[in-house]
Amino acid sequence: MVLSITTLAYALATVLYIGAWTFKKERFATLGIGVLISGFLCNTVGIILRWVESYQMGYGHAPFSNMYESLVFFSWTVAALYIFVEFKYKERLIGVFATPMIFLAIAYASLSPNISDKISPLIPALKSNWLIAHVVTCFLGYAGFAVAFGFSIMYLVKPENKETGSLLSRLPNLGIIDELTYQMVMFGFLFLTIGIITGAVWANSAWGTYWSWDPKETWSLITWIVYAMLLHLRMMRGWNGRKIAWVSILGFMAVMFTYFGVNYLPGLHSYA
Amino acid sequence: MNKKALHQDPPNRIWSFFCSVRLTVVVLLAIALTSIVGTFIPQSGSAGFYLEKYGQGWSKLIMALDIDDMYNSWWFLTLLAMLAVNIIVCSIQRLKVTWKVIFPRKIVFRPERFRNLKEREAFAASLDNGELVTRLQGFLERKIGKVTTQNLEGGTALFAEKGRWTRAGVYVVHVSVLLLLVGAVIGGLWGFKGRVSIPEGETINVIELRQGAHEHHTLDFSIRCNTFDVSFYDTGSPDEFKSNVTLIEDGKEVLTTDILVNHPLRYRGVSLYQSSYGIAGAKSIQLTMTARESGLAFQEQVEFGKTVELPENQGSFVMEHFVRGYNFQGHNLGESFVGKVTAPDGTETQIVIPVKFPTFDKMRRGEVAFSVDNFEKQYYTGLQVNKDPGVWYVYSGFILMIIGCWITFFMTHQSYCVEIKDLGQNKAMVEIASTSNRNPHSLKLKTAKLALTMKELKS
Numbered sequence: 205m206v207l208s209i210t211t212l213a214y215a216l217a218t219v220l221y222i223g224a225w226t227f228k229k230e231r232f233a234t235l236g237i238g239v240l241i242s243g244f245l246c247n248t249v250g251i252i253l254r255w256v257e258s259y260q261m262g263y264g265h266a267p268f269s270n271m272y273e274s275l276v277f278f279s280w281t282v283a284a285l286y287i288f289v290e291f292k293y294k295e296r297l298i299g300v301f302a303t304p305m306i307f308l309a310i311a312y313a314s315l316s317p318n319i320s321d322k323i324s325p326l327i328p329a330l331k332s333n334w335l336i337a338h339v340v341t342c343f344l345g346y347a348g349f350a351v352a353f354g355f356s357i358m359y360l361v362k363p364e365n366k367e368t369g370s371l372l373s374r375l376p377n378l379g380i381i382d383e384l385t386y387q388m389v390m391f392g393f394l395f396l397t398i399g400i401i402t403g404a405v406w407a408n409s410a411w412g413t414y415w416s417w418d419p420k421e422t423w424s425l426i427t428w429i430v431y432a433m434l435l436h437l438r439m440m441r442g443w444n445g446r447k448i449a450w451v452s453i454l455g456f457m458a459v460m461f462t463y464f465g466v467n468y469l470p471g472l473h474s475y476a
Numbered sequence: 053m054n055k056k057a058l059h060q061d062p063p064n065r066i067w068s069f070f071c072s073v074r075l076t077v078v079v080l081l082a083i084a085l086t087s088i089v090g091t092f093i094p095q096s097g098s099a100g101f102y103l104e105k106y107g108q109g110w111s112k113l114i115m116a117l118d119i120d121d122m123y124n125s126w127w128f129l130t131l132l133a134m135l136a137v138n139i140i141v142c143s144i145q146r147l148k149v150t151w152k153v154i155f156p157r158k159i160v161f162r163p164e165r166f167r168n169l170k171e172r173e174a175f176a177a178s179l180d181n182g183e184l185v186t187r188l189q190g191f192l193e194r195k196i197g198k199v200t201t202q203n204l205e206g207g208t209a210l211f212a213e214k215g216r217w218t219r220a221g222v223y224v225v226h227v228s229v230l231l232l233l234v235g236a237v238i239g240g241l242w243g244f245k246g247r248v249s250i251p252e253g254e255t256i257n258v259i260e261l262r263q264g265a266h267e268h269h270t271l272d273f274s275i276r277c278n279t280f281d282v283s284f285y286d287t288g289s290p291d292e293f294k295s296n297v298t299l300i301e302d303g304k305e306v307l308t309t310d311i312l313v314n315h316p317l318r319y320r321g322v323s324l325y326q327s328s329y330g331i332a333g334a335k336s337i338q339l340t341m342t343a344r345e346s347g348l349a350f351q352e353q354v355e356f357g358k359t360v361e362l363p364e365n366q367g368s369f370v371m372e373h374f375v376r377g378y379n380f381q382g383h384n385l386g387e388s389f390v391g392k393v394t395a396p397d398g399t400e401t402q403i404v405i406p407v408k409f410p411t412f413d414k415m416r417r418g419e420v421a422f423s424v425d426n427f428e429k430q431y432y433t434g435l436q437v438n439k440d441p442g443v444w445y446v447y448s449g450f451i452l453m454i455i456g457c458w459i460t461f462f463m464t465h466q467s468y469c470v471e472i473k474d475l476g477q478n479k480a481m482v483e484i485a486s487t488s489n490r491n492p493h494s495l496k497l498k499t500a501k502l503a504l505t506m507k508e509l510k511s
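Chains as they are written, first to last, in the numbering used here: chain L, 205 to 476; chain F, 53 to 511.
Since the hints were made in silico from the structure, they are not lab data.
Note that CB positions come from ideal geometry on N, CA and C, so glycine has one too.
Don't take each hint at face value.
[As the list claims (entries may be wrong)] Derived, one-sided and incomplete: chain L residues facing chain F with beta-carbon distance under 8 Å: (1) 216; (2) 259; (3) 323; (4) 325; (5) 327; (6) 331; (7) 332; (8) 336; (9) 376; (10) 394; (11) 412.
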């Protein structure tokens with residue numbers, strides 16, 4: 205129920221942002237952020253209710269233990285980060301490509317028949333205080349990269365020569381999009397780093413080794429390396445603009461594979 | 053390698069090769085791309101496994117390139133070593149330049165550097181007979197840091213900066229990566245990873261190492277598994293695995309404790325982790341014997357190795373052992389008992405009694421059919437036994453990496469120049485320009501905010 209409202213709100217926010225962009229109506233974007241914030245609040249309530257419910261069922265664990273819960277939380281982190289960025293940098297419109305991701309993740313969680321929304325008990329390996337730290341930091345990292353991905357797409361579709369009146373030229377200034385992409389990548393990188401580290405420390409207490417080249421670990425390292433390359437290319441070799449946008453998109457592909465693709469490979473992370 | 057490098061002598065050429073950021077990117081890319089291989093091809097399988105899965109040609113290639121254990125292969129380790137050398141050489145090379153920037157003897161301030169900046173904030177103000185300068189100076193001192201004042205033609209320039217030391221953040225990150233690699237090497241050279249299965253009630257001190265198929269390692273102490281428990285949720289999924297163990301050193305019991313998943317036992321640098329469990333054997337076995345001719349069933353509790361007389365004078369039976377999985381014509385029958393029937397004429401037959409299939413032994417068409425109704429399981433606990441003296445280097449690397457990334461990404465070296473131009477008649481124009489080594493957008497917003505506060509600053 206709460207989830208449906210959240211999904212609807214995110215869908216509406218997406219429509220409003222795209223509308224604001226298409227019809228050049230600032231008011232739509234203002235409305236968009238309002239709806240997005242309401243969706244975010246519903247999302248928060250949903251997560252808390254589920255947490256409480258798991259205690260009532262006697263399992264008592266944070267709602268980060270399966271694909272369904274992780275998708276809902278992914279929406280939540282991307283929404284939180286995007287709202288923060290919009291307020292901090294006072295740019296409207298930059299949500300055109302970020303809000304669809306928030307909506308898609310939660311829609312996938314609620315609509316896909318392969319994803320069970322049942323609250324199930326934790327298997328012994330997941331019973332640890334590291335669970336919350338590991339999941340929250342990883343997802344903040346993913347959120348940073350997702351928002352960076354949205355900005356990169358925006359950078360690439362916006363023509364460099366400013367023809368007034370064209371649909372795509374209404375997006376914010378290219379320099380700002382580029383800078384924001386970079387900021388988001390740094391944010392994501394820091395949290396992915398912490399996420400991998402908390403995972404390693406946890407693995408060392410659960411499996412006896414901080415690194416075992418399990419596919420999920422390896423893919424998170426690959427993602428980390430792609431973004432490390434992006435940062436070096438930008439800081440040391442002066443890459444920016446379109447080139448960085450492409451590397452950021454490549455990085456997000458690695459994130460997506462780490463998140464979804466790895467589940468089809470055999471390994472220790474088979475539960476989430 | 054650039055042209056200049058070609059004219060250098062060999063050591064210098066090697067140096068220039070390793071100090072390029074291009075090499076960093078290439079090596080990182082190579083590590084990322086090759087790592088993908090190991091996520092698709094299962095690791096640490098046997099030669100037979102690869103032969104069966106990938107066929108003759110591919111499995112030969114896999115074995116030749118060590119892809120069955122690629123993260124420990126010579127070529128992957130070479131890539132990691134190249135990364136390490138690259139980081140060291142690059143950092144030394146760059147530190148030569150930036151050391152003086154990070155730790156200058158004297159900070160030199162040139163107002164001209166700020167005059168050419170496009171982004172500037174400006175506002176008009178009353179000079180207040182020079183009060184304005186003192187006021188702004190005090191403000192900058194509070195907000196940014198130590199202020200250098202310079203008198204110019206027709207005005208005064210104030211200079212303040214902060215976060216110069218944050219330029220060292222990137223070296224902290226690089227040192228942390230090196231610490232991770234050093235920790236991994238130490239762990240690889242002086243540590244071990246092994247596993248052991250201990251049935252309840254038994255004591256062991258020899259473990260099987262993971263690397264190298266059948267290598268063993270003798271511990272300085274013995275481990276006795278007292279009990280093993282597994283509990284389940286009502287959904288049927290496991291809730292908790294718990295081994296109660298006693299450590300014995302020089303014949304004395306030194307420690308008795310529980311080992312759970314996520315709660316390993318650490319003793320003398322060796323860590324014991326709960327990793328698996330299983331059924332080692334059985335006790336109090338309830339055996340049902342059904343005579344074929346009369347169809348009568350007889351129940352008896354039997355023990356291993358003890359002979360029981362069969363009903364209706366059909367001979368005797370002895371229960372020999374328990375197997376966790378019995379392979380019958382390619383099918384795994386699961387937990388089974390193996391025993392021996394001796395017919396009255398002395399012929400011996402070995403029989404299998406699978407617990408899950410009580411009618412299985414009937415198919416043998418013997419005089420008596422056996423089935424097991426009930427038994428008590430004797431568990432064994434599977435422990436992972438590791439020693440990794442490198443883990444503390446790795447953990448320090450982790451901490452340094454987080455700190456270093458934080459400094460590098462979110463802290464900047466910012467310099468501010470506030471120029472107060474005397475326009476005469478006690479009027480002044482205040483101009484603020486700023487630079488930072490990173491994140492210009494955020495600096496712009498910050499400078500605008502600073503200018504606004506300055507404008508409204510009252511004495």
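Hints, one by one, checked against the model:
1. Interface hint at residue 216(L): violated, since its Cβ lies 30 Å from the closest Cβ of chain F, which is beyond the 8 Å cut-off.
2. For residue 259(L), the shortest C-beta to C-beta distance to chain F is roughly 15 Å, which exceeds 8 Å, and the interface hint is violated.
3. Interface restraint check: residue 323(L) against chain F, minimum CB-CB distance 10 Å, threshold 8 Å, status violated.
4. Satisfaction of the interface hint for residue 325(L) is found here, the shortest Cβ-Cβ separation to chain F being roughly 4 Å, below the 8 Å cut-off.
5. The interface hint given for residue 327(L) is met, as the beta carbon of that residue sits about 6 Å from the closest beta carbon of chain F, less than 8 Å.
6. Evaluation of the residue 331(L) hint against chain F yields a held restraint, the C-beta minimum of about 6 Å falling below 8 Å.
7. Interface hint status for residue 332(L): upheld, as the beta-carbon distance to the closest one in chain F is roughly 4 Å, under 8 Å.
8. Interface hint at residue 336(L): violated, since its Cβ lies 14 Å from the closest Cβ of chain F, which is beyond the 8 Å cut-off.
9. Annotation: residue 376(L) was flagged as interfacial toward chain F, and the flag is violated, the nearest CB pair being 11 Å apart, outside 8 Å.
10. A cut of 8 Å between beta carbons decides the hint on residue 394(L): the least distance to chain F is about 5 Å, and the hint holds.
11. The closest approach between the C-beta of residue 412(L) and any C-beta of chain F is roughly 4 Å, which is under the 8 Å cut-off, so the hint is satisfied.
The structure does not agree with the numbered hints 1, 2, 3, 8, 9 stated previously, though it agrees with the rest.
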